[in-house]
Amino acid sequence: MDTVLFIVFAAVAVACAVNLILQKHPISSALSLVGVMGSLAVLYLLLGAEFMAVTQIVVYAGAVMVLFVFVIMLLNTGQETGGGKSWFAQVAGLPLLLAFIALMGLLICGPLMPRLRAVQFGSWHGGTARAIGRAIFTDYLLPFEVTSVLVLIAILGAVVLARKEID
Amino acid sequence: MTPFIIASLIKIALVFAVFMTTLAYLQWIERKVLAHIQSRVGPLRVGPHGLFQPLADVFKLLTKEDLMPSQVNRFFFLLGPFLAVSLALIPIAVVPFGPHITIFGYQTDMQIADLSIGVMFILAATSVGVYGIALGAWASNNKYSLLGSLRSAAQMVSYELPLALAIAAALLLANSLSFREIVDNQGGYLFGFIPRWHVFQMPFPQIFGFVIFLISGFAETNRIPFDLPEAENELVGGYHTEYSSMKFACFFMSEYANMVTTTCVATLLFLGGWQPLFPAPYSNWVPVALFILFALLSLNFAQNPIRKGDKYSFPVITVLMVVLAVLFAVPALQPYITPLFWFCSKVGALLFTFIWVRGTLPRFRYDQLMRFAWSFLFPLAMLNMLVTALFVALFPGKGR
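For the protein sequence lines, the chains are A and B, in the order given.
What the first sequence shows, in the numbering used here, is residues 1 to 167, in sequence order.
What the second sequence shows, in the numbering used here, is residues 1 to 400, in sequence order.
Incorrect hints may appear among the rest.
To be verified - Residues of chain B clear of chain A, computed beta-carbon distances all greater than 10 Å:
1) PHE82
2) LEU177
3) PHE191
4) PHE364
Claimed, not checked - Some chain B residues flagged as far from chain A (calculated, every beta-carbon gap over 10 Å):
5) THR22
6) ARG45
7) SER149
8) PRO279
9) LEU390
What the hints assert, rightly or not - Below, in silico cross-link-like pairs of lysine-lysine (BS3-like), each with a Cα-Cα straight-line distance of 30 Å or less:
10) B:LYS143 - A:LYS24
11) B:LYS60 - B:LYS143
12) A:LYS164 - B:LYS143
13) B:LYS64 - B:LYS11
Worth flagging that the hints you see were computed from the coordinates, not collected in a lab.
As the structure is a prediction and not an experimental result, all values here were calculated from the model.
No residue lacks a Cβ here, since even glycine has one placed at the ideal position from N, Cα and C.
Same shape as in the complex, but just chain A (with noise of 0.2 Å):
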């Protein structure tokens, strides 16, 4: 039952995945992107991270993605334009990915591999809100708070590039 969810899932992620490439319209790429975050979440729902799951749709589908659709609708942009490729991609971007494909592979398969173990469905019960809670803040106090600050300048950043020039 696991495995089968996994491999649907796992198949819609990269379907959505190339969608999102393939689309010529900008609301399609982001919904597909919608797509492969929901896909995640059940993949982390699989491995028993409940609270990982749940805030992956509400962070990342529910209010990053919402924003870049309303974006969109509010640009009100069309179709994407073709031929803006530059001739570098059009003739080297199919062989360069299948060699980055390749790498990936030969990397997990080869020095990786050895070192990690088969995923076991089930086997991990550290997902709960509460174990998350006593994690970040107890081992990893220093790295969260660190990285509050982070976004706290990143919000200082926007306010100041969008804030209307006052004589």
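Starting from the structure of chain A, add chain B where the hints point.
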């Protein structure tokens, strides 16, 4: 495993049937209540007191011509209402209606699924629900629809913040994300008579949180006074201008489903779910007393009929009330239906408030709506959560 699947299927069928009927009749109740607020009679033609009006509406919507405007993005035009209604119907799956019960020796919850992250699940479903409105309106290639959906998306994203903060404050008291544990945490009484619901619970009563949640709930469900997305005097029909027939009904249904979900969550988080208002020895007889009171009242109205039909309609209500009172008086049934009574009466009271507000308040202006969210409601919700956190840290209760 098999009994679990069978029990789940039965529960899903039951909840679905009751939920759909509630949605249909909620609309009848809303029209009736609004009519009486405005000194009208409301639906009256189909069935006694217009009771079969929802049925007639469904037939009307099913048989209307399904229009598809030219130049629309066909796929997204169909996806919009589908997403809106399916994401609005999903959250009811994690709402518990009653305690853990035993039926014919089989132990089960009065709930479809008890998720350990139930609260987050509902937040996720509602936050993704924006797509239905946004996509449908964008795809219909109409500037009024687009304006409506932009307003809706901005409003839902803005009001989600105070909503989530109000929920977070209640969760601090409950110390759990599972609805069942949250409600169990609200059992018992302070000083023996004040129920330990989160609105009253020490160390910091969530009365502000409850009001913030309710106000944000109005905005999240696009109800008056926050119904800017479908302001008919500015935007024709708002985001569903171009929709007709069942596709329009999908949007309509999703609005009512969201309303029911919001009131259910408010009941579970702040009003103690199925926990009774009075200590158990008395509260089990409250429904009986109430139904007998209603029976006597309607008998009195039947004796002195104001309208022509009253002589026949009120005795029927009397009989109905007596039957209900007898059902609630049977000790064998009490553990099953008394919690349901408390849950339904709390949800019903909140739903009535929603309708009442619609009949009372005018619509906000758009800048007022945004300023209210960002410069009043959000800081207030933040303050409420900080103070709650401080009190919870100062007076750690049980299990913390």
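Status of each hint after checking the structure:
1. PHE82: Fine: 13 Å to the nearest Cβ keeps PHE82 (chain B) off the interface.
2. LEU177: violated, 5 Å
3. PHE191: The claim stands: PHE191 (chain B) keeps its Cβ more than 10 Å from every Cβ of chain A (closest is about 31 Å).
4. PHE364: Given a closest Cβ separation of 20 Å, the condition holds.
5. THR22: Nearest chain A Cβ is 26 Å from THR22 (chain B), so the label holds.
6. ARG45: For ARG45 (chain B), whose nearest Cβ neighbour in chain A is about 42 Å away, the distance exceeds 10 Å, so it holds.
7. SER149: Check fails; 7 Å does not lie beyond 10 Å.
8. PRO279: holds, 32 Å
9. LEU390: At roughly 16 Å from the nearest Cβ of chain A, LEU390 (chain B) sits farther out than 10 Å, so the non-interface label holds.
10. B:LYS143 - A:LYS24: Roughly 23 Å between the alpha carbons, so the hint for LYS143 (chain B) and LYS24 (chain A) holds.
11. B:LYS60 - B:LYS143: holds, 28 Å
12. A:LYS164 - B:LYS143: holds, 28 Å
13. B:LYS64 - B:LYS11: The hint is violated at about 33 Å.
In terms of the numbered hints stated before, the structure departs from hints 2, 7, 13, listed from lowest to highest.
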